[in-house]
Structure formats: structure tokens, C-alpha cells
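Go ahead and model the full structure; you've got the sequences and the hints to work with.
Sequences listed follow chains A and B, in order.
Sequence positions in the first sequence follow this note's numbering and run 1 to 459.
Sequence positions in the second sequence follow this note's numbering and run 1 to 459.
The set of hints was computed from the structure by calculation and includes no laboratory data.
Worth double-checking, as some hints may not be accurate.
Identical chains blur together in the list; that is why a pair holds if it fits in one copy or across any two.
Below are the BS3-like pairs computed for lysine-lysine, each with C-alpha atoms no more than 27 Å apart in a straight line [to be verified]:
1) Lys171 with Lys54
2) Lys278 with Lys318
3) Lys318 with Lys276
4) Lys166 with Lys54
5) Lys318 with Lys295
The residues making up each chain are set out below.
Protein chains: 2
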Amino acid sequence: MDVQAFDAYLLAHRERLLEDFKDFLRQPSVAATGQGIAEMAALVARRLTALGAKVQIVPTEGDAPPVVWAELGEGDKELLIYNHYDVQPPEPLELWESPPFEPTIRDGRIYARGASDDKGELVTRIHAIEAWLATQGKLPFKIKWLIEGEEEIGSPHLHAWVERHKAWLSKPDGRPIDGCLWEFGGFDEKGRFTLTMGVKGICYVELRVRGVSHDLHSSNAALAPNAAWRLVWALNTIKDADERILIEGFYDHVRELTPAEEAVLRAMPFEEEEIKAKWGIQAFVTGVSGFDAVKRLFFAPTATICGLSSGWQGTGVKTVLPAVASAKLDFRLVPNLTPEIVLDLLRKHLDRHGFADVEIHFLGGYRAEICDVDSPMVIAAERAAQRVYGQQPVKVLLSPGSGPMYSLSSFIGGVPVVAAGIAHPDSRAHSPNENAILQNYYDGMRYIGALIDEFARLS
Amino acid sequence: MDVQAFDAYLLAHRERLLEDFKDFLRQPSVAATGQGIAEMAALVARRLTALGAKVQIVPTEGDAPPVVWAELGEGDKELLIYNHYDVQPPEPLELWESPPFEPTIRDGRIYARGASDDKGELVTRIHAIEAWLATQGKLPFKIKWLIEGEEEIGSPHLHAWVERHKAWLSKPDGRPIDGCLWEFGGFDEKGRFTLTMGVKGICYVELRVRGVSHDLHSSNAALAPNAAWRLVWALNTIKDADERILIEGFYDHVRELTPAEEAVLRAMPFEEEEIKAKWGIQAFVTGVSGFDAVKRLFFAPTATICGLSSGWQGTGVKTVLPAVASAKLDFRLVPNLTPEIVLDLLRKHLDRHGFADVEIHFLGGYRAEICDVDSPMVIAAERAAQRVYGQQPVKVLLSPGSGPMYSLSSFIGGVPVVAAGIAHPDSRAHSPNENAILQNYYDGMRYIGALIDEFARLS
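If you want it as C-alpha cells, here you go:
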């Protein structure tokens, strides 16, 4: 690879490329409301077509945001890139220092909804490939690019889409694609570049209880069943005060760490006291610390109450006996413990404990995925980091967050994934004043160039 | 008593008195917001002065609504009347068929906020006394009238006010007042006139838990304490799924029914199946029925979750680990189990079970009160009912609801109380389209006349 020519191109075209970045950010594309989704899919398709890709806008289901599917280059070796063109809602608007869909540069950062998650990542990759094609000739392998429009609402149609288009998501002879570059990535609190090889799964449910037919005066409490109490008693059977999840059979689906996985976890920096200080607590739950805390954070399933709602929640007194009560619960999942298993075990558990009346409403889920931590994909990503950032990246076994990685890895034959990007700890994804550091974007394009080069060299 | 003259007066002045009733209803007097409170106190004071009473507007504390105190008539025998001039907030306004502070007559009912609770009762009594004075001469005993302005927010200053003015609330020689007519009363679902001699007490608290310093992404749940879980676990120690309150020492403060109280309870009609149908349930809690259900409703303490609040409560998914969680709890109390005892036992209970971090915020309370079920006050009220309604009234041992009855009964020497009024089951107190049946108001004035007459005759 002619690095000098590549870098010179980026410098020479910096202003135009930055304008292109801004065009992406000016177009709202809020999956939660549908705002600008169709326009954004068209914009992405036009841009990739201009890059020389064969592009299709492929429906998912009904009016749901389509997938933009692009193919560039030729070769037996194939790289899958996964991004998304949708963004989180920009609210609360009053907390933005500049309007969310008017990209604004201040102090070396570009501010806008999507500047980091995920338009910043998408644009970095598009611009790097443009520079490659302009300075290095054709791509050294085939790129398949899947850009979905529903990541911010839990990718509800992606898995079915992948299933329908499984042929595209493998090589012509049926072998799996050689590697996948994930949509996120970047730097940790200490400025260390990270590579992430997995995600926890998630099963998000709402539990709903109905007692009497309408809210009653609380003076009837001696005789009338109370939905809020039923909910409390049901929840209490799910996890005890020692943080042990009590759903029968739950832990049967938690496997041991492999030696390679454990090695990655042990090598990870973990600033325990800094995290506690940031959260304002003296101790982690159960008093766990050191490697036990790391193992727990990255490899223990969780059961979390995300919300509780019932009856009177305003200030002061209202003597009401609530007819309904609900809880939002998320279970973070490790490999083998799938959303389907959790739903089944939870239903059986509630029935067994006398809570057949507690309804379970499934609101979304992903399986966990941990990819090979030493795959050629990871090795290429490490070597590229050494070249561009001059440092050995921190390998993060998996993100404690979740995403549709299973659908684009194990489900399509075991494609090794790595997440490498341009985000930083103050990127404020999902929050007001989302931003990307411009230097990270410039370096990020050089990183993608190096990654293409390194991935091409590996067998 | 010259009943014919009394009735003729009411008929002759019907239109003017109805206008007077409307004047009371036109004046907003919302204790929760303070709207119109001062104006309403002044209006009540003017009206009672016009009746010939000696009236004072007496402060409670700071800017809080004052008490209107009036004295009429002379004599060793004394009757205390308790009413309140404040009303519930009118919201939700859109559900009113006519504006809440524009009294409107439709189908024999007068609609407005306060038409029943409690301006309807207050006006019925004022008009009856006016008719008495105009047709029967002076009152046969002394009336002391306490009209407070904070009943709808839990009478937070009434007890201290009574304590400060204890001399007014007994006879000149220190003996207790002979009887008290309570602010509410009326007819049950079957049109039976009721007399109520007591109220359950109440202790209303908010439990608050704080975990981490701010809401976190729920992917941190493996290490970060969750306020909502802490709240669930703490609540679960308070009452079990068999409806047994688990606070140590709680039931030590529940006395047995006296034979007279049990007799009243056994004589009360209790339409069990109709209540279940109205609430949309197959069975009462614990499967209780018959006299056990009656005893439970009127004589068992309760612990009720009135509200639960934490984290994300909107539609769909938000993967948040909430920093705070809260529950509104009301305990309905029987005699001897005071709000102070409950607060003390609850604090000790939570501490003992490892929940010293769960804050208890006391939002208000009343003691329970059960008055003599055969007092001269009750006998007079029964006889008046036989005269006016031609029926033996249903004696209700106590209201499962609450009110400041202790402060105006046991606390001032054991004044026997009876609640007798004009409300009906569709009065919609505290709800949109609050109303009173005009015939109940007309009959109610005749009832008050008969009650004055009967109370005068008893030693």
C-alpha cells in the first residue's frame, strides 16, 4: 500500500470530505419515529454508488426501514462491513448547544446527532475506501456492506432479513465470509484504542399485572387485590438481595470461559476505583472486586429492573389502590443463554411460583456472541492499530452492551467479527451534544486503509 | 318542633337558598393549590355571621388555610359540627360535562366541585339552621362549628390547632362537648341511610431508595447496585403474598372488637357478590368471605402500595439502570395502632432486614377512631332518620377511609361522633362531575332540623 499517496489524498480532499460528512449529519434518520429514514437510505445508496459499488435498497418488512446492501471489489476473500444509517431521537432538544441536525464544528469536534453513532463510523469507512480506490487501485478483496436502518430500536427485522438473504451473506460456494468489521469501536477513558470481539445478548420484557378492573380507593385494600403488590412479589422471586437470579435452570445455560477468553479478560485494564467514584458508590454489588468483577461484568448474565410503574407517582398523597402495575426488565445474556430460553424459563418460573397472572410481553432481544479472539480479522485489526496509533490495542472480549452480532457471525457460518472505530468516552452517543473528535475521524480513515492492507495480506 | 312551619320555610325560600348553595360552589377553594382559599374562608364567615353566629377566622400555621370557627345559640348542652370548605382539585377538566366551578342543574342533580364533598353538606346544615331560627325561635343548645380548609390534603394543621384551642373544644367547666356531627354521610348503594361512628386511621409514607449517583446504561448491571431492585426487596419484607403484614410488632397493636362493635358489624348489610362484580374479581384477597370479610374490611390494618416509580416507564425499550426508586405506601390503621407506632416499627423493621438505606418520608396520617355506637348523638341521629326517611338507618361501625376524627373525639375528652349527610353512591367526590341529588339536599335540611330537635330532647 502506498501510504503516502493515501494520506496525501485525504489531506487534499479534506474540506470536500468534511462537507460530505456534514451532508450525512444534516439528514435526520430517526428509527423510533421514522423521520427521514427513506431519504437517508437513498442518500447512503447514492454515495455508495458514487464509490463504484453495486447497491440495492432492500425492504425488510412492510414500512420498516430498508437495508442498504452494497458490494465493492472482487476476489475470493470477502469482508463484511456492518453499519447503520439510523440514529437515536435527538430529544431533549433544549440541552443541545447547536441544533442536532445542523453539524457544527467547535474545539476540534463535530457536533450532531449521529456524529459518532453511527454516521461518523460509516463516513470514515466510505472516505477511506474512496481514498484507497483513488490511490491504490482496486480493492484487494470483495467488500459486502450491510447498512441497516433500525439498530437504534433493536434491529427488529435484521435477523429475518439475514435469513432471507443468507446466500448473499456467504461466499458463492457457501463458505463463510472471512471477517466482519462491526459498526462501533474507538478509544477508552485512558485513550487506549480498543478492539471488541463480542456482545452480550439481551432479552427485554415488560411484566404486567392487572388486579381489579379499575383503580380503587385504597380504603378497600383489606379485600381488593393490589396489582403493585403482586408485581413486587413476582419480581422478588426473580432475583434475591444477594444478586442471585432465582429462575430455575437459568445458570444451566452459562458456560465456562475458554482459556483464550479468560486470557483476554485478564489482560484487560479495569479501573475499578475510578468506576466506583464515577458511579458514586463504595462497593460493587456483592462486594465483588478485581478479576471477579471483570468476569462478572463481561461474563455474568444479569436481571435488571429498568423501570417500575404503578398508581400514583406525583408529589404528595393519593390514596389509590392501583388496578395495574408493570416492570421493564432486561436480562443481559452470555453465550448459550438465548432470549428464547429466558422467555421459556421465566414463564415456567412465574407459573411455578403462583404468578400465572403476571403477563410477559417480549419487547426485543439479541443472542450473545463472542467471536474468535485470535482470528485473522482480529490480527489484521491489531496490526493496523500498531501502524496507525503506534500502540498495541486493548482487546475487549465483548461489550457488556448488546447488538445483532449473532445474526452476522455464528448464524452465517461463524464469521469472525471485530469492532474498531473512532468513538471516544465523551462521544455522547444517545445523548445531547453527540460528537466526534475530528482528529479521530482523520486517523480513522488512515486506520481503515491500514486494515484493508493488513486483512489483504492474511490468508 | 313545628315541622310544618320548618318545611314551609324551606319551600318558600327554595330558590334563594339554592342560589346561596351555588354561590358556595362558584368560589373555587382548592387546598392542594391554594386557589380561592382565603376568599372561601371569608365567604363562609360572612354567611355564618348573617346566620347570627359569632365567627372567627383563625390562622393555623403560616400561610396555610385558616379554620373558620363559629358559635351559635346558648346552653349547657353543646353540639360540635365539623365541616371543611376546601375541595379536591377539579382536574381532569376535560371530563367535566359542565365547568367544575359553574354549578349546573341537570336531571335533578347539582353538578360542581364540592357539590357533595363538602360544600353540599355544609350548606345543608347552614340552611337548616336558618330555617330553624326563622321558624322555631332560638336554638335549643349551643352549636360550635369548626370548618377547616385543608381536609382534602390530610388536615396537616388541624390537630395542632385543636390542641392550641382545646378550651374552645370543651364546655366552660372542662367537660367534653356532648356530641359531634361529622362532615360526611349519606346513602348506600341500596338507598339505605347510613350513620357512621368511626374512621380507620392512616399512615402515608413514601419509601425512597438511591443507588448509583445517576442513571446508568443497564449493561453495567452486573456491578452497579439498582435502586429498583432494592425497593422491591425492601417492599417484599413488608407484606407477604398471603397478605400478612410482616413488620415485627405490628399486630400487637390490634385490639379485639368489643361485643357492641361486633354487633354493629354483624348487623351491617354487605353485598359481597355485588362488590366482587364491580371490582371485576372472583374472590377477595386470601379468599375471605362473609363476616370474616366484613371484619377484615372494617377492622384489619392494611399495607397498600399506592404507587411505584422508577426508571423508564414509557412505551418500548430503554436499557437503563435507575439511580432512584420510590413507592407510596398507605397503612390503614385500627384503634391503638397509631401513625407514630407504624413509623417507628417500619423504621426498625427495615433496619433489621438490612434496608437502613431505604428512606421513609412521612406524608401524613390520622389515628383511627371508633366512637360509642349507642351514644345519645347516635340515638338522636337514628330517631331523626326514622322521622325524615321512615327507615331504621344502617349503622356503619367505621369508615374504611380516614379523617381527623380522633382530634375531635378522643383527643378532646371523648366526644361521641356521628356522620350523617346527603351523599349518594354516584356523588363522584374527588372525581369529575361531582354532584348532589337536589332531593337529598331538601331532605337533608329536614333531617338536620329533626336531628336538632331529637338531640335537644336527650339528656
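Cross-check of the supplied hints:
1. Lys171 with Lys54: Classified as within; 17 Å inside a copy, 99 Å across copies.
2. Lys278 with Lys318: For lysine 278 and lysine 318, the Cα distance is within 27 Å only across copies (21 Å; inside one copy 36 Å).
3. Lys318 with Lys276: between (37 Å within a copy, 23 Å between copies)
4. Lys166 with Lys54: within (18 Å within a copy, 91 Å between copies)
5. Lys318 with Lys295: Between copies only: 25 Å across, 45 Å inside.
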